[in-house]
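There are 2 protein chains.
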Amino acid sequence: MSKSKPTILVVNDDGITAPGIKALIEAMNDIGRVVVVAPDSPQSGMGHAITIGKPLRFDKVDIYEGIEMYKCSGTPVDCVKLAVNLVFKGKKPDLCVSGINHGLNNSINVLYSGTMSAAVEGAIEGIPSIGYSLDDYTLQADFKPCIKYVKQIAQQVLKHGLPTATLLNVNFPVASPLKGIKICRQANAKWAEEFDERMDPHKRPYYWLTGVFQLNDQGEDTDVWALENGYVSVVPVQFDMTAHHAIPVLNSWKF
Amino acid sequence: MSKSKPTILVVNDDGITAPGIKALIEAMNDIGRVVVVAPDSPQSGMGHAITIGKPLRFDKVDIYEGIEMYKCSGTPVDCVKLAVNLVFKGKKPDLCVSGINHGLNNSINVLYSGTMSAAVEGAIEGIPSIGYSLDDYTLQADFKPCIKYVKQIAQQVLKHGLPTATLLNVNFPVASPLKGIKICRQANAKWAEEFDERMDPHKRPYYWLTGVFQLNDQGEDTDVWALENGYVSVVPVQFDMTAHHAIPVLNSWKF
Numbered sequence: 001m002s003k004s005k006p007t008i009l010v011v012n013d014d015g016i017t018a019p020g021i022k023a024l025i026e027a028m029n030d031i032g033r034v035v036v037v038a039p040d041s042p043q044s045g046m047g048h049a050i051t052i053g054k055p056l057r058f059d060k061v062d063i064y065e066g067i068e069m070y071k072c073s074g075t076p077v078d079c080v081k082l083a084v085n086l087v088f089k090g091k092k093p094d095l096c097v098s099g100i101n102h103g104l105n106n107s108i109n110v111l112y113s114g115t116m117s118a119a120v121e122g123a124i125e126g127i128p129s130i131g132y133s134l135d136d137y138t139l140q141a142d143f144k145p146c147i148k149y150v151k152q153i154a155q156q157v158l159k160h161g162l163p164t165a166t167l168l169n170v171n172f173p174v175a176s177p178l179k180g181i182k183i184c185r186q187a188n189a190k191w192a193e194e195f196d197e198r199m200d201p202h203k204r205p206y207y208w209l210t211g212v213f214q215l216n217d218q219g220e221d222t223d224v225w226a227l228e229n230g231y232v233s234v235v236p237v238q239f240d241m242t243a244h245h246a247i248p249v250l251n252s253w254k255f
Numbered sequence: 001m002s003k004s005k006p007t008i009l010v011v012n013d014d015g016i017t018a019p020g021i022k023a024l025i026e027a028m029n030d031i032g033r034v035v036v037v038a039p040d041s042p043q044s045g046m047g048h049a050i051t052i053g054k055p056l057r058f059d060k061v062d063i064y065e066g067i068e069m070y071k072c073s074g075t076p077v078d079c080v081k082l083a084v085n086l087v088f089k090g091k092k093p094d095l096c097v098s099g100i101n102h103g104l105n106n107s108i109n110v111l112y113s114g115t116m117s118a119a120v121e122g123a124i125e126g127i128p129s130i131g132y133s134l135d136d137y138t139l140q141a142d143f144k145p146c147i148k149y150v151k152q153i154a155q156q157v158l159k160h161g162l163p164t165a166t167l168l169n170v171n172f173p174v175a176s177p178l179k180g181i182k183i184c185r186q187a188n189a190k191w192a193e194e195f196d197e198r199m200d201p202h203k204r205p206y207y208w209l210t211g212v213f214q215l216n217d218q219g220e221d222t223d224v225w226a227l228e229n230g231y232v233s234v235v236p237v238q239f240d241m242t243a244h245h246a247i248p249v250l251n252s253w254k255f
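Residue numbers (our numbering), protein chains in the order written: chain E, 1 to 255; chain X, 1 to 255.
In isolation and in its complexed conformation, chain E is listed as follows:
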């Protein structure tokens, strides 16, 4: 590209000190001018939450040399809103990337994920947006094999743009070598929860959420299938949640 470098907003939900955002910052720094706005603490599972009932802290920090960075006390979606309004002041960045998340955000996880909700918020703001996640929850996660694809997908989005009101949900398996990219749909699945009941020292019960991922989809065009077979899954996501096919059904009811 002969024009000036694109401006890239980097966000995440694991917090500003997570290894995953460091890997994403480094990858994006090769492509454009990076601005980071990320939570000051882990915000996994925050979905599309925003902070209404209390005020937010928002402060410039100096973590990685030469990178403009801000930490925020709120949720991943708050970070995008703060970035658009306090940093970019209405002049939108060319791209919004979120992650790289420690842990998959495939299938139904798109709803619970702070990483993906930040990307959804970017898309609502009209910014081409991508969420990236790797199937490794640990702080020792190795993001190196992902980086080639992370850059390639970002560059394609910068080149082509995205269809109106859509964004990308990109997930990486831990596989060597990665077999390439598959464009997929969100697999039909849910979490079968259990709650681990314990007693506190005052003999009052408390509960930890645990769960088992339950796949109800044998399709070979899903993100779950792609990941299980060593591919990078790319799902186009929309934030119009209308079930358009159900409108005629409801219109046939008697009210």
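It is possible that part of the hints are untrue.
Repeated chains share a single entry, so a pair holds when one copy, or any two copies, can fit it.
Claimed, not checked - Derived lysine-lysine pairs resembling DSSO-like cross-links, with alpha carbons at most 30 Å apart: (1) 71 <-> 54; (2) 54 <-> 22; (3) 92 <-> 54; (4) 148 <-> 254.
Please keep in mind that the hints were generated in silico from the structure rather than gathered at the bench. Small disclaimer: the values here were computed from a predicted structure and weren't measured.
Place chain X on chain E using the hints.
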């Protein structure tokens, strides 16, 4: 119906003591056996957040005579998960209703709303689910004009079921009389945010999120149009966020 009374899970995001959930409990108590699981504090704007990093409290409470009620320290989605696992123990209720929310959850608000996310979680669990909201944020909100429709819609859902993997988002305007029900799509809109910057006593800035609802949709088939014209809006909602129409576009890209 000659068969036994349906079991109805009632949840919300404004908290177990909100007037809106009281109105919904009373309405559902005329239709079936009510079980309430609701947050012990307001959870507006929590979206599809779940509680991962800390344990949950979950306790039986006795607030309204003859109604089985539990309060939970988590989010609205946590409430549904706890209800399914600790109260119903896998035997699903016949209906899950959320609200009545103090404030509209039309258009893009479906994403930010704890009320709607609880209903989405009910639908993910395979329970026919409905979220109800009224265009009045105050504690003095008058839910009476809604009740006829709240019951009617619940009864229709109990009678017909809902198309697979969908739920209903029902919003009420403050209008007298209400003109009836319109089946709608989610209007294309966003929040244009501003952050109100203030100084704390230690001279450090903090920010309050404020915003203006920005409608980018002139359609007369939207929930915004219906509400502005005195109708009760009913939007069928799905939790498959795949932008299916974008899959061929992405497949034409060179990776």
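Results for each hint:
With identical chains, the CA atoms of residue 71 and residue 54 are at most 30 Å apart both within one copy (17 Å) and between copies (22 Å). Taking identical chains as interchangeable, the C-alpha atoms of residue 54 and residue 22 lie at most 30 Å apart whether they share a chain (29 Å) or sit on different chains (26 Å). For the homomeric pair residue 92 and residue 54, the shortest alpha-carbon distance inside one copy (26 Å) is at most 30 Å, but the shortest distance between copies (36 Å) is not. In the homo-oligomer, the alpha carbons of residue 148 and residue 254 lie at most 30 Å apart only across protomers (14 Å), although the nearest pairing inside one protomer, at 55 Å, exceeds that limit.
Checked against the numbered hints above, the structure violates none of them.
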